[in-house]
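Listed here are the chains, written in short residue letters.
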Amino acid sequence: MSQTYLSNGLYRIISQSNESVEIKLTDASHPIFKAHFEGMPLLPGFLQIDMIAEILGKEIDAITSAKFVQKILPEERLTYTIAPTKSGVRVKLSNEFEELCGDFKLKWH
Amino acid sequence: MSDLNELLEFLPQKDPVGFVKEVLVCEEHESRTVVRFESAPTLSMLSEAGAQSSIFLRLTEEKKAANVPLRAMGMLVSVKSKWLQKSEKKSFEVETRYISNLDSFFIVSFTVFDGDSAVAEGQVAAVLERKGETL
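Listed in order, the protein sequences are those of chains A and B.
Sequential numbering from 1 applies to the first sequence in our numbering.
Sequential numbering from 1001 applies to the second sequence in our numbering.
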């Protein structure tokens, strides 16, 4: 799936399998980081979810729960780990230090 | 306030992620805004719009009791949301309602409307910056 007007140029995929996706964020000059927030660039939580959906070509029907555990900065290298659950998928997002940044339970198709 | 849209300057998210374009209602425990997107939004984008709209809840007594400035920065902690009916529109109204707080941890519900029809709903939780703190 192609990147949207918000995620265009925001990241590049380093590796991808059925269970995990590794990406590298672009630098703080990207419009998203300039806008969120001025002088304190952070990856917005909603894009943490939308990026993995667009990479895997999924459309989200419900966010059963999304926890944003740690701030994510420009140029970070991130890994999504995807596991099926009884009612959807659980996606964990961690940084290169293997620290959990986000934990998302989703229903998608 | 004579012009509610003067409040938009307090929205820390700027374009292209500042989704709130108009403030219609700004009450103690209820707000209503107009949000716009450049293309039909995802559920995550509508949830972010719900979080941004919650900034326009006044919550005067709750913030005072929690030692939180009236214009405190907030960090989104958690979200849950669902589509009620999919929409390809780019503009919606978002209603937010205060649910509860524990100190500086606030929970707010949101409903996204396309005209009279609710298209998505959910809850957001955020920690607001206390006086003297930096998030």
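Take these hints with a grain of salt, some might be off.
[Unchecked claim] Coverage of chain B stretches by chain A, computed from C-beta distances (three or more under 8 Å per stretch; other residues unrestricted):
hint	region
1	1006-1020
2	1091-1104
3	1107-1116
[Unchecked claim] Among chain A residues calculated to face chain B with C-beta under 10 Å, some are:
hint	residue
4	Ile13
5	Ala28
6	Phe68
7	Pro74
8	Glu76
Hints in this document: simulated from the structure, not taken from any laboratory.
Using N, Cα and C, we set each Cβ at its ideal position, and we do this for glycine too.
*Are at least 3 residues of the region 1091-1104 of chain B within less than 8 Å of chain A when you compare beta carbons?*
violated (count 0)
*asked:* Please check whether the region 1107-1116 of chain B has three or more residues whose CB lies within less than 8 Å of a CB on chain A.
replied: violated (count 0)
*asked:* Does Glu76(A) hold up as a contact with chain B if the rule is Cβ-Cβ below 10 Å?
replied: Glu76(A) check fails; min Cβ-Cβ to chain B is 17 Å, beyond 10 Å.
*Against chain B, run the beta carbon of Pro74(A) and see if the smallest gap drops under 10 Å.*
violated, 14 Å
*Annotated coverage of the region 1006-1020 of chain B by chain A, confirmed only when three residues or more have a Cβ within 8 Å*: This one holds; 7 residues, not fewer than the three required, reach chain A with a Cβ under 8 Å.
*Would you check whether Ala28(A) satisfies its interface hint, that is, whether its CB is within less than 10 Å of any CB in chain B?*
At 14 Å from the nearest chain B Cβ, Ala28(A) fails the 10 Å test, so the hint is violated.
*At a threshold of 10 Å, is the proposed contact between Phe68(A) and chain B supported by beta-carbon distances?*
It holds, given that the least Cβ distance between Phe68(A) and chain B is near 6 Å, below 10 Å.
_Restraint satisfaction for Ile13(A) [CB to CB of chain B, less than 10 Å]_ = Given a least distance of 19 Å, the restraint on Ile13(A) is violated.
Checked against the numbered hints given earlier, the structure breaks hints 2, 3, 4, 5, 7, 8 and satisfies all the rest.
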